[in-house]
Amino acid sequence: MKWGMVIDLQKCTGCGECAAACKLENNVAIVEPKESEMGRTMLWMDMLTVYEGEYPRLRVRQYPRPCMHCDHPPCTKVCPVRATYKNEEGIVAQIYPQCIGCRYCMAACPYTVKSFNWYKPEWAPGIRETANPDVSVRQVGVVEKCTFCVHRLQKAKEQAKSEGRNLREGDFQTACAESCPAGAIVFGDLENTSHRVNPLSRSPRATRLMEDLGTEPKVIYLKEVD
Amino acid sequence: MNKKLIDRLQILSISLIWLLFTGIAVWILNLIKESLRLHDAPDASLGISLVAIPVFFTLSSVLTYVFIGLRKGRRKDVES
Amino acid sequence: MEKAPAAPHPEYDLLRPIEDPGKSFYYIVAVLLVIILYTGFVYIRQVYYGLGVTGMAQPVTWGFYIINFVFFIGISHAGTLISAILRLSKAEWRRPITRMAEVITAIVLAIGGLHPIIDLGRPDRMTHLFYNGRLQSPLLWDIVSITAYFTASTVYLFIPMIPDIAILRDRGVKPRWLYEFLSWGWQGTEQQHKVLDRAMNILMVVVIPIAVSVHTIISYIFAMTVQPGWHSTIFGPYFVVGAIFSGIAAILVLMIVFRKVFHLERYLKLIHFNYLSVLLLIMSLLWFYFTFSEYLTGYYGHEPNEMRVFWYKFSGAFAPYFWTMVTCNFFLPLILLSNRKTRTIPGILIASISVIIGMWLERLIIVVPSLANPRLPYPTGIYIPSHTEWMLFLGGVSVFILGYMMFARFFPVISVWEIQEGRQESSKTVTERITSYMPDPQQPLAKE
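Chains as they are written, first to last, in the numbering used here: chain A, 1 to 226; chain B, 1 to 80; chain C, 1 to 448.
Hints listed in this document are in silico derivations from the structure and should not be mistaken for laboratory results.
Misleading hints may appear alongside valid ones.
[Claimed, not checked] Covered by chain C, per the in silico footprint, the following chain B stretches (three or more residues, Cβ under 8 Å):
no. : segment
1   : 2 to 11
2   : 32 to 40
3   : 47 to 56
4   : 61 to 75
[Unchecked claim] Taking lysine-lysine and the DSBU-like style, the derived pairs with C-alpha atoms no more than 35 Å apart in a straight line are:
no. : chain 1 : residue 1 : chain 2 : residue 2
5   : C       : Lys194    : B       : Lys4
6   : A       : Lys155    : A       : Lys11
7   : A       : Lys155    : A       : Lys2
8   : C       : Lys174    : C       : Lys194
9   : C       : Lys174    : B       : Lys4
10  : C       : Lys174    : B       : Lys3
11  : C       : Lys428    : B       : Lys72
12  : B       : Lys3      : C       : Lys23
13  : C       : Lys341    : C       : Lys260
14  : A       : Lys2      : B       : Lys33
15  : B       : Lys33     : A       : Lys155
16  : C       : Lys174    : B       : Lys72
17  : B       : Lys33     : A       : Lys157
18  : C       : Lys341    : C       : Lys428
[What the hints assert, rightly or not] So the derived label-pair ranges between C-beta atoms look like this:
no. : chain 1 : residue 1 : chain 2 : residue 2 : range
19  : B       : His39     : A       : Gly164    : 29 to 39 Å
20  : A       : Thr49     : C       : Leu296    : 29 to 39 Å
21  : C       : Ser89     : A       : Glu32     : 51 to 61 Å
22  : C       : Thr233    : B       : His39     : 24 to 34 Å
23  : B       : Ala44     : C       : Glu294    : 16 to 26 Å
24  : C       : Pro346    : B       : His39     : 56 to 66 Å
25  : B       : Leu36     : A       : Leu24     : 36 to 46 Å
In this text, a Cβ means the ideal position worked out from N, Cα and C, and glycines have one as well.
Next up, chain A with everything else stripped away, as it sits in the complex:
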């Protein structure tokens, strides 16, 4: 089993729904405006802005950037305490109680996907009532990042086990894939031919970010057609 994601840039409208859904699903903290300006916004799913061409033929695109869940992650190599590691299903996981906050993984990641809890994370009063009980809340001084909604995976596995069957494609979707109004994000098992990501990952439009670095990212982008 190798969990991966395909993001179709032709369908993506850059609305940012995935980023918002991810924050809500994973209890990602909100930072103050001053902190955000400094660059301490915590976005597990970020929207990258790309400018193409020059005025007046300027094109601005935004595309989603989750953690690439590389098969050859540069971040796990450098963690001194194994607070980040790649599990058997290909998810690059974070162990929050183990992390000592050295931020070496943040410095080593070429995609800059990791966030850090610079202060004790806080949420607006109302949000606390709607927090997701399945996701552990992080403490100050700890690194966090997109986990491919691994808590949903655990729940789906338990459900499948109790029903005595294997996992089906529909059992487990990441919050971003679920929320995308254009259906641009597809999530599934890259090794399972019945999952949609499998044929999509082999599409002629398929490309990965910075694959020449040898990180073998498992988030595949489908290039725009025009």
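With chain A fixed as given, assemble chains B and C onto it according to the hints.
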């Protein structure tokens, strides 16, 4: 201060140094064991860590050699 | 037991700071303690609130703490490397310098080694490094090598100190128990000298590879990532050269300070400064060679991400720091030290301080630009260090000064017995050595 007390403190300090270095060696061996179990460290780091252990023991051996050598080399007429 | 007036000692100048410290010592210690106490408070505040009190953010997640970590450990190469190499090469002019250099190493390693801990988001979880440390991470290699270097340099500092401690013990200097305890029964017998010599011979050889490995492994923290500007094979030797470079500058500054404060003009003569400053000049040229190679390779390859970092340093936001660094590390020392007329004590002082500043800037230029220019299309990061980081920097320097002053208060900063050995035996030893270099006498020609 009592000469005997100082004597004993000196021997104690050397023993503590051996204890410390043994502790460091045990720690490094622990790291190597963990790396072998998880099988994700480059063999070079394991090799180099193995080399690090003799370095510590060389240092404590040199210290002990000096300690004992200085005691032995004392003039016989002056005690302690 | 009342203190009998100590007999006049030929090297009394070296013992006076211990036997008769003077009031200004206590004033300076008091000021330093205030600074250090405030720094401690600032650090506790950081532990309480989190690393948010610093100026770090994404993408520049490493700042002053890592810069100072590399900087302090770099200076540590002063001591052990210089004193080991000078002893190994039997350079007689090393005698007044070795002890000072070794003390720098010991103190600065302790401070530098603490800096990664200051940098941790969760210092309370430090024990994870011991129970669950991962040997695949360069940070762990660092911990092992710095521990090895610290222990080696402390042993290498202590063993040659034993005869001096015995001198202080015999002169009845207070606290007597300290010198009794540390002198290990030294009496200066021939056998004891042999033991000491053998130990020092082993140590000075063992210490050199450890010292080289330490800064190489520190460079691996950066070189083992794939980030532009970091992933370079030259980093190992580059860092070692830079470390020796900043270390020599540090010794020179310290020598000049002690010469002034303790009136050691008879011991630290112009020739010592001359030789060391020529070494500094050589290291400056070496540093320039490595820097030039590093940037030329990056520029010639013209890889887009490398070039972004390159231009950021050469003409972008970091250009003032970059060119100041090159001036401080290369042009200023070159001008001041290659000319005999300017190679005076004030000139050497300016050159050394300039190198120390330049090398600190070099660490800044290595750490921040690569982080500030992420590969993905993010805006360039900005790093403005906060009050916390500046205070911890100042605190680190204050701890160094305080540590050194405490050392100088109880132990001689110049090795008394080695000076005496130099006076008594060096001329003979050196003459014999030089005679052995000369061609052997010609055999008498056979009678025809």
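May I ask you to test the hint 29 to 39 Å on the CB atoms belonging to Thr49 (chain A) and Leu296 (chain C)? About 34 Å separates the Cβ atoms of Thr49 (chain A) and Leu296 (chain C), which means 29 to 39 Å holds.
For the pair supplied as a hint, Lys341 (chain C) and Lys428 (chain C), is the alpha-carbon distance within the 35 Å limit? 33 Å, holds
Check the following: the C-beta atoms of Ala44 (chain B) and Glu294 (chain C) are separated by a distance inside 16 to 26 Å. 24 Å, holds
With a Cβ-Cβ cutoff of 8 Å, does the segment 61 to 75 of chain B contain at least three residues near chain C? Coverage by chain C holds here, the residue count being 12 at a Cβ distance below 8 Å.
For Lys155 (chain A) and Lys2 (chain A), compute the direct alpha-carbon distance and say whether it is at most 35 Å. 17 Å, holds
Given pair status - Lys4 (chain B), Lys194 (chain C), alpha carbons within 35 Å: Given pair Lys194 (chain C), Lys4 (chain B) holds - Cα atoms ~26 Å apart, limit 35 Å.
Holds or violated: Lys33 (chain B) to Lys157 (chain A), with C-alpha atoms at most 35 Å apart: With Cα atoms ~32 Å apart, Lys33 (chain B) and Lys157 (chain A) stay inside 35 Å; holds.
For the pair supplied as a hint, Lys155 (chain A) and Lys11 (chain A), is the alpha-carbon distance within the 35 Å limit? Holds, at roughly 29 Å.
Holds or violated: the 29 to 39 Å window for the beta-carbon distance between His39 (chain B) and Gly164 (chain A)? 34 Å, holds
Run the distance test for Lys341 (chain C) versus Lys260 (chain C): straight-line Cα separation, threshold 35 Å. 21 Å, holds
Is the hinted pair Lys174 (chain C) and Lys72 (chain B) satisfied, with a Cα-Cα distance of at most 35 Å? The hint holds at about 27 Å.
Cβ contact check, 8 Å cutoff: the segment 47 to 56 of chain B against chain C, three residues minimum: The restraint on the segment 47 to 56 of chain B holds, since 5 of its residues have a Cβ under 8 Å from chain C and three suffice.
Every hint, counting from the list given before, is met by this structure.
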